[in-house]
Amino acid sequence: MFLALTLLLPIPVSNRKKNKRILSEKSYGKLTARERILLLLDPDSFDEYDMFVEHRCSDFGMDSNKNKYPGDSVVTGRGRINGRLAYVFSQRNVLCSGVVPQISLIMGPCAGGAVYSPALTDFTFMVKDTSYLFITGPDVVKSVTNEDVTQEQLGGAKTHTAVSGVAHRAFENDIDALLNLREFFNYLPLSNRDPAPVCECHDPSDRLVPELDTVVPVESTKAYDMLDIIHSIADEREFFEIMPSYARNIVVGFARMNGRTVGIVGNQPKVASGCLDINSSVKGARFVRFCDAFNIPLITFVDVPGFLPGTAQEYGGIIRHGAKLLFAFAEATVPKITIITRKAYGGAYDVMSSKHLRGDANYAWPTAEVAVMGAKGAVQIIFRGKEANAEAEYVDKFANPFPAAMRGFVDDIIQPSTTRMRICHDLDVLASKTQSSPWKKHANIPL
Amino acid sequence: CGELVCPEAASLLGLLHGKQWGRCLKVLVKVEEEKMHVSGGRKACVLFISRFLLFFSLQTFEKLLIANRGEIACRVIKTCKKMGIKTVAIHSDVDANAVHVKMADEAVCVGPAPTGKSYLNMDAIMEVIKKTRAQAVHPGYGFLSENKEFARRLASEGVTFIGPDTHAIQAMGDKIESKLLAKNAKVNTIPGFDGVVKDADEAVRIAREIGYPVMIKASAGGGGKGMRIAWDDEETREGFRFSSQEAASSFGDDRLLIEKFIDNPRHIEIQVLADKHGNALWLNERECSIQRRNQKVVEEAPSTFLDPETRRAMGEQAVALAKAVKYSSAGTVEFLVDSSKNFYFLEMNTRLQVEHPVTECITGLDLVQEMIRVAKGYPLRHKQADIPINGWAVECRVYAEDPYKSFGLPSIGKLSQYQEPLHVPSVRVDSGIQQGSDISIYYDPMISKLITYGSNRAEALKRMEEALDNYVIRGVAHNISLLREVIVHPRFVQGDISTKFLPEVYPDGFKGHKLTDLERRELLATAASLYVAEQLRSQRFLGTPRIPIAKSKRSSWELSVRLGDGNYPIAVSKDGSSFSPCLVSQQVEVDGMKLNVTSEWNLASPLLSVTVDGTQRTIQRLSRNASGDTRIQFLGTVYKLQILTKVAAELSKYMPEKAAEDTSSILRSPMPGAVVAVSVKPGDTVSEGQEICVIEAMKMQNSMIAAKTGKVKAVHCKAGDTVGEGDLLVELE
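Protein sequences appear in the order of chains A and B.
Per full-length UniProt numbering, the first sequence starts with residue 1, numbered consecutively.
Per full-length UniProt numbering, the second sequence starts with residue 1, numbered consecutively.
Since the hints were derived computationally from the structure, they do not count as laboratory data.
A couple of the hints might just be wrong.
To be verified - Computed cross-link-like contacts, DMTMM-like style, restricted to lysine to aspartate or glutamate with a CA-CA straight-line distance of at most 20 Å:
#: 1; chain 1: B; residue 1: LYS658; chain 2: A; residue 2: ASP129
#: 2; chain 1: B; residue 1: LYS102; chain 2: A; residue 2: GLU219
#: 3; chain 1: B; residue 1: LYS653; chain 2: A; residue 2: GLU172
#: 4; chain 1: B; residue 1: LYS414; chain 2: A; residue 2: GLU219
#: 5; chain 1: B; residue 1: LYS296; chain 2: B; residue 2: GLU504
#: 6; chain 1: B; residue 1: LYS551; chain 2: A; residue 2: ASP47
#: 7; chain 1: A; residue 1: LYS128; chain 2: A; residue 2: GLU183
#: 8; chain 1: A; residue 1: LYS355; chain 2: A; residue 2: GLU238
#: 9; chain 1: B; residue 1: LYS658; chain 2: A; residue 2: GLU172
#: 10; chain 1: A; residue 1: LYS270; chain 2: B; residue 2: ASP727
#: 11; chain 1: B; residue 1: LYS341; chain 2: B; residue 2: ASP366
#: 12; chain 1: B; residue 1: LYS117; chain 2: A; residue 2: GLU219
#: 13; chain 1: B; residue 1: LYS658; chain 2: A; residue 2: GLU152
#: 14; chain 1: B; residue 1: LYS574; chain 2: A; residue 2: ASP42
#: 15; chain 1: B; residue 1: LYS653; chain 2: B; residue 2: ASP565
#: 16; chain 1: B; residue 1: LYS681; chain 2: B; residue 2: ASP727
#: 17; chain 1: B; residue 1: LYS553; chain 2: A; residue 2: GLU172
#: 18; chain 1: A; residue 1: LYS158; chain 2: B; residue 2: GLU657
#: 19; chain 1: B; residue 1: LYS653; chain 2: A; residue 2: ASP129
#: 20; chain 1: B; residue 1: LYS414; chain 2: A; residue 2: ASP47
#: 21; chain 1: B; residue 1: LYS82; chain 2: B; residue 2: GLU62
#: 22; chain 1: B; residue 1: LYS640; chain 2: A; residue 2: GLU172
#: 23; chain 1: B; residue 1: LYS148; chain 2: B; residue 2: ASP123
#: 24; chain 1: B; residue 1: LYS260; chain 2: B; residue 2: GLU238
#: 25; chain 1: B; residue 1: LYS276; chain 2: B; residue 2: ASP165
#: 26; chain 1: A; residue 1: LYS222; chain 2: B; residue 2: ASP629
#: 27; chain 1: A; residue 1: LYS128; chain 2: B; residue 2: GLU657
#: 28; chain 1: B; residue 1: LYS117; chain 2: B; residue 2: GLU696
#: 29; chain 1: B; residue 1: LYS186; chain 2: B; residue 2: GLU334
#: 30; chain 1: A; residue 1: LYS222; chain 2: B; residue 2: ASP438
#: 31; chain 1: A; residue 1: LYS128; chain 2: B; residue 2: ASP629
#: 32; chain 1: B; residue 1: LYS646; chain 2: A; residue 2: ASP44
#: 33; chain 1: B; residue 1: LYS553; chain 2: A; residue 2: ASP42
#: 34; chain 1: B; residue 1: LYS551; chain 2: A; residue 2: ASP44
Stated by the list, open to error - Non-contacting residues of chain A with respect to chain B, defined by C-beta distances greater than 10 Å in every case (computed):
#: 35; residue: SER58
#: 36; residue: GLY108
#: 37; residue: ALA114
#: 38; residue: THR145
#: 39; residue: ASP148
#: 40; residue: LEU154
Just so we're clear, the structure is a prediction, and the values are computed from it rather than from any experiment.
Using N, Cα and C, we set each Cβ at its ideal position, and we do this for glycine too.
I would like the entire structure built from these sequences, with the hints used as guidance.
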């Protein structure tokens, strides 16, 4: 088994025209399972399994002939996506986690215990307006808690991609979702024993990116969009973002560098100044672990003013959750390249794939500020507001990358426009990196 | 060593040593005269030393400050570098990383982003001049370029203002005074009343004397403000009332004048260059008739309309006017020219014009250099007979604006990709931005001036087409589509233009290029071929995977492309054996017609060259996504296409239609800008067409009106807010 895809709630396999149930599905704007497979897989590549299985329910007249369909409930089999092998399943196995990448695509309602099927896979994608995920539906919610809530509010694509973080992306409709899945598949290796795929690349690896020299604003309090940086260094400006609407203060997703898949993690200064909080730590940690499990090099862009302070965060267990990201970066043995674009303060600096976490190449832009904390806060603590010129002195001393470079915490201070070139060169060298960990049953990440 | 090679050089060195500058020059002149007779090594030596001396003999200033930003600041710095002058740039805090700041030898911040606090902040600029010891100031255009107070303050500090003296600035800055001066200098002026109009009755009397139609305009005005056209007595009274109100509120000066309104005129201007010794030249004309909202869009030199006699007459009058005000430096005399080649003085601009490059292209002069020389006090180097018209030059002003909204509403953003078409021959691009620059709401949204040159007009226009197609601007809306349509429009090509060209040619607003059947087929075939190239590439992986990759044996694709309202079935098939990874040659069948598409599809390049049935085109693919949505810039205009396989397209019909937002009950900002006023509050009842709020962006105020009658549900903005394009302003119930 090399890749398991879940197309939950497939519907009968026979011809659209002959089946009443299909017609009712059509009115909801859904495709039949067979149509979905037609779009997802390369033409004529699907080999189906268990086509003759029927349901075995006999209560309430379900065993009558009109309620029986061969191949009912699921379509499973094997096919190719852009020539590469993929398995289409409806049940997967926890044991497969970390062995083959598993993706679920939710294309209809999915409730009760069945929701753990997608929850156990690496990525869960949903279709807007036609798919729902919840443990208990609105009717049960009403009778138990007296809450009034619609299906969409309770477990629609928007809820899970923006509020709960259960799903990783939402797409407009079945066709959009399946075509995007094909494209996403090209980023992933077939298993943990395969290297990340390398695609033919037309974008020169030594391309200079002049706009990066000015992307960080002069005032260090001003925001900018980390996505601008990611798009401009990635091959052909393509970036497949994971969880774009959830915990937006951290950006994670896949891109290619000189054709090779890389996982990108970056603080987003545009949202909450790019600070780390519970949700962003968990989002980042899960992504980093996926990349590590499947041999995808990690590139980290750091502009982090620190962890979000406050009772909400401390009571919520920011220590425990922040530790997940720290743990994930520390245990990762894939190539790790880090670029500090601006702020790298305190514990959050340490967490963001620092040199101290076995980073392979850690660079700083000239705008980098590697310090325990920002000048204002530091001066208040050190001098209790008694020293008037202390802030300027602190800025002079620490609001630049040199102290860190002198101590070897960054390997080089680089011209931002050369970032793409440096990363591509490093990835070439690091392609053969192997790092082994001591024997263990599994590590005990602070869950 | 000089002595050994040639006596002239030796004597020059001697004189140089003795600092006998005047005699040095004389020797130089002699050498120049004898150049023809000097030979070989001697010649080289003399030339070298004479160049060296020429540099000293023409030395102007050591350090010059440019009181401007953007392309014109860069333009001035370039010439300064050529002349060996050190440069000082000024900038606002948001411009700290701007190109002109990087180009200059020194740069000083003069204040925050709003122009009133930075580029117009005379105190701060004077301070910088003192601090940097700049000897001269070039004001560029706009900002302080025609500010007599600034020129006066510079003079009092002993700093040279690169431009005319305060007297000329003042005389030409006032419409009434300049008209009187022009009349006295025997320059043709528009028939009209020279004095101040006292009241509406007098206005009507004067209007009748001149003959309708008449134009009522503010004496202190500019930019179309306080201007009214009247065709009868009633309109004159009304126009008088409105114009005086507007003039009072806009300029604090309600003096009005009335003159004959020239219907459908051309706007042709004469470049003049004068020195402080009473010499003046005319450097031919510029045709600037293609305008929108009184702002020029396309300019060219020379004009297709002028014959040599008219040109000379206009040039001589322009020079007469310049001499009458003792003008020195470069200036522009604007004329309106009617269909019978009668020309009337409009105004004189006492600065370097935006469109000066076209004049430079056809005359070979560097106007900035001449301005600096003249300001230093040197006499002009040229005689009228030396001023040629070599070839033809066309300039397009490339703006960050959306041409589909009243020929251009400003757009802002970061230039995520930017590449000037400098690989096209005979192209000059004057710009002050680069990849990554921000186009902000604070300043003029001009991206660049794109100038092409050719031995004749057709050649210059052909190159302009190519240059526009090869211009990569991403991240902000731009007006390339409008520019490209204008320069290929039959009326423009024939030279049949006037200041009303745009509203006449596009009475319902600009809608982009209209594809002919052939062009549509070309676009569809190109898009389909590009899609197949992309699909093929996504199946090519490097290295050897453990599980072999199944090689696709497909040689034909059935696609369905949606363009506008149409769905087009397209068949793509391999053309013979030339299906190598890079060079893709395909037969594409559209509407039952076969087209051959050949390209090296480098999918990472922003510019894609493709040959369809022998026609070469440069297209740009602006975006694509997995579900086939593709935006392609073709013939300047961006087309949205959706490319799907036939199977996917057939299944699309089962997809749910997503309800579009009801836009009649919400009001969104059509452009980024600042909210000046909000005239409604929640609960108010508004009627259709009623003003809801006013948005100001880049010098323009735009009144936002209700699209239907209804009750205001919520107001999401207040006066003083900064809003982005598409931001929700007001909701109706």
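Open item on the list: Run through the hints listed earlier and report the numbers of any the structure violates, in increasing order.
Closed with: 8, 11, 17, 20 and 26
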